[in-house]
Amino acid sequence: MKLKIEAAGQLTSGIRKFTLAPVDGAVLPRAGAGSHVVLEIPGPNRVWKNAYSITSAADALAYEIMVRRVEKSRGGSAWLHEHAKVGDVLEVYPPQNLFAPQRKAKRHLLLSAGIGITPFLSYLKLPGLAYEMHHCCKPEDETAFRTLLPSGPEATLHTSRNTLNLEALLKRQKLDTHLSVCGPESFMDVVLATAAHVGWPAAKVHKESFGGATGGEPFVAHLKRSGVKVNVGREESLLDAMEAAGLTPPCLCRGGACGECKLTVLDGVPAHHDHYLSETERAANNAIMICVSRAKTPELVLDF
Amino acid sequence: MSKNRPVYEPFALEPSGRAHLVVTSLDAPPEGIEDSFDNIEVWTVKHNGPGVPVLAAGGVRPFRSTTELLAQLGHRLGRETAGLRFYAIGSEAFIWDAYNIGIVAGLHPSEISLHRAGPLVRRVYCSHCRTMIEGVPVNIVSCPSCEAALFVRDHFSRRLAAFMGVKVDAEVPGEIPAAEVFTS
Amino acid sequence: MKLSLKPQETFRDDYTFSNSDEAILRFPFPFPEDSYMYSVNMEPHVRGGASPVYNAMFDIDEHYVGDMADRAITLDQDPLRCQVLPHMETAEWDTLELLMENLANDYPEHFSLTKNDDEWHWINRPLDIDQKFTFGREETLPFGPFEYITRQVQGDFSLQDQRDNNLYMDGGMVTSQADWSLNFDVGMSFHEWHGPVPLAHESGVFDRALQYLLRMQCGKPVRRLNWTMTANPRLDTSPENYPLWGPEKAAITPENVGHRMCLRVELQTLYRLPRSNAILFSIRGYLIRLEELAKVKKWAVRMHRVIRDLHPRIAEYKGLPRYRQYVVDYFAPHDDGRVLNAGIGPEQDGI
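Here the protein sequences come in this chain order: G, L and Z. In short: position in the first sequence from 1, add 806, done, that's the working numbering. In short: position in the second sequence from 1, add 267, done, that's the working numbering. In short: position in the third sequence from 1, add 9, done, that's the working numbering.
If we strip away everything but chain G, and leave its shape as in the complex, we get (with noise of 0.2 Å):
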């Protein structure tokens, strides 16, 4: 869908907002609190497919979301922080939720540092959510995060690492509470093996992560009885790139799971993705389910 940055601003000095409205007033896919979007960003000689996690409220009529310039970047997130103006047009994913609250827990510890914040903003927005927050930032962007948190006793903001003792924190927690944490990975890696240490089991454990794509490394694709050779460039699926050329190969789910799209593979070393293959038959590297897998080599040579 094409959406309009509508607003852009300055939240610290390496964090830029964005607000992305439908262009002629459509009403957008909901999207519910710990969803993000794919936006397509265009580079000189490539579109960059960045993912970014909604900040606003599931029923809100523009999506907000928040850019952290990445360092040495020359790639979407340095576009967004350079070159995006209000009034320009992007084409956007429709969101997914890979980081969705656990609604059976009655309370929510929630842990971020940095950029991390963005996906519990959405938490935050969801009512009568009982928890209980600690965000870590840099001295010089506490005036900045402060504007995005409550005031009350729930959400505290932390600029030095010994005003955060984690160990007491998680061991003070009540059973029903479950943790979720985002931020840089070696914030992540420290609060879970505080909170293993502990003795949290990791079902009460979530972390972001953005992951499922189809994408990967460009590869060929031999197919030896069509006679054909198929290019299958890094965000599209074989099965797409295939579709793309004028074939019309098996398929039915579309996910990996159904066991439909299953090719013989002649040559060349798949990557399996799918859900379909027993251990037994991926070992044996002659099969590939053409609609999530990819290869390790250069070429895969197909029957078909």
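Don't take every hint at face value.
If you only want the chain L side, here are some residues facing chain Z, beta carbon under 10 Å, derived [unchecked claim]:
#	residue
1	275
2	281
3	383
4	394
5	395
6	398
7	422
8	427
9	431
10	436
11	440
No lab work stands behind these hints, which were simulated from the structure alone. Ideal placement from N, C-alpha and C gives every residue a C-beta, glycine not left out.
Knowing the structure of chain G, use the given hints to seat chains L and Z on it.
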């Protein structure tokens, strides 16, 4: 083979826990567990035991009945904090009743371990009148309330802590096969 | 979408239910081949496709009024046929929005929805309902939001919460089930509630289906067909009321099998819900008497072959053994040995 009949592992304490609460419908816990960890408490049932279930030396607290034990369990778990591991040992009905109290208190299934002890009997839920029938040793049982002869399906509800019982002769009244004793 | 509704039919007692010729031809016949085995036969649920019942996101047909009246009777007798666990409240509102929007979009002559922020106005003309309410405020509706809307949409529904890399059936409206109980199954994980199904666990069907559903995305619903057989066009074949419908199975004879016996097909569709991230599962049942089915040559021939060759454990799970031979014998004269095309369409324009 049904895929939802519970499978019980041998009893073992979880070293990942910071504290351990073991409840059992038996009058004694597995031997030696009081000494295995520092932070361990054991609840037992002693039918002709002392009057008040106080915590005795060695962290053992005897209750007068399983009903009394279960009645106090929710309150006890309500003031617990993260890191607790919870264990229930006893009849299948008892351990799943304890499990459900643990779930309501906020425990995750991975923080609970259940161990069946005693005779191979099942609690059966009558689908037709919702009566719970305790201690059923065979796969056909008469419902004491609605008098239906129930076939015990190999289908277990953790929420009800019971197997499903459905009228065995609903199609042709009186056509009741011989009952089989549960072997697992 | 043009749709004419029958006046009220009954699905119990005198069983006045019948299919018009149009309803027979649009029946979602579940067998694309001459044999049947469990598989992950899921495909994207997009409007259109192999059967006319795919033309709407939620199919409403000529039996709508009687169907909903039968559900009301069942709920009156046993309110626990609709249960939703407390943490699914957001999913209830998601369901209400999804159903109202799609019905109003697919059948504007029968349903309409007007929104003014959170102030909504819902009109259901066939059931003579005109309801103004506030979205998100349960007290402005006569029932909880999930029960309110599923009392007005054909088919059973269940709500799945996603957690621990699994799905839990944490709510449902189940009044026309093939011998399973919501009150017994509510709260179960995906593998637990499928526990009684034979053969499919061993072949990994449920493992693959679960992995697929966990990754299901908003706006990309999926569907599959499932089937069983029912003595008489009865919607409420619940374990609770087995003493009522069990004797009707035993009363099937070679003489009455064509009229009383029904093929029961479930169009199962699944939707990721946007606010709650839960999954709504719609189990939309279709009934057809064997004598109605026999009016379509291809289906009569294929029915003979599928039921004749069905794996005994599947036949047992679906409750068929008592009358399976009668069904085979009923369709045998139709099977002239012809080769049938793959696919489920009737391949004839009229009856």
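> Does the interface hint hold: is residue 383 (chain L) within less than 10 Å of chain Z, judged Cβ to Cβ?
Replying inline: Violated, about 18 Å.
>> Take the shortest C-beta to C-beta distance between residue 427 (chain L) and chain Z; is it under 10 Å?
In response: holds (7 Å)
>> Next item in the hint list is residue 394 (chain L). Is there a CB on chain Z closer than 10 Å to its CB?
In response: Residue 394 (chain L) check passes; min Cβ-Cβ to chain Z is 4 Å, inside 10 Å.
> Was the hint right that residue 395 (chain L) lines chain Z, CB cutoff 10 Å?
Replying inline: Holds - the Cβ of residue 395 (chain L) comes within 10 Å of chain Z, reaching about 6 Å at its closest.
> Hint check: is the beta carbon of residue 431 (chain L) less than 10 Å from a beta carbon of chain Z?
Replying inline: At 5 Å from the nearest chain Z Cβ, residue 431 (chain L) passes the 10 Å test, so the hint holds.
> Does the CB of residue 422 (chain L) sit less than 10 Å away from some CB of chain Z?
Replying inline: holds (5 Å)
> Given residue 440 (chain L) as an interface hint, is the shortest Cβ-Cβ distance to chain Z below 10 Å?
Replying inline: holds (8 Å)
>> Next item in the hint list is residue 398 (chain L). Is there a CB on chain Z closer than 10 Å to its CB?
In response: Result: violated, 13 Å to nearest chain Z Cβ.
> Hey, does the residue 436 (chain L) contact hint survive, CB to chain Z under 10 Å?
Replying inline: holds (8 Å)
> Should the hint that residue 281 (chain L) touches chain Z count as held when the rule is a Cβ pair under 10 Å?
Replying inline: violated (18 Å)
> Are residue 275 (chain L) and chain Z close enough, Cβ to Cβ, to be under 10 Å, as the hint says?
Replying inline: violated (16 Å)
The earlier numbered hints that this structure contradicts are 1, 2, 3 and 6.
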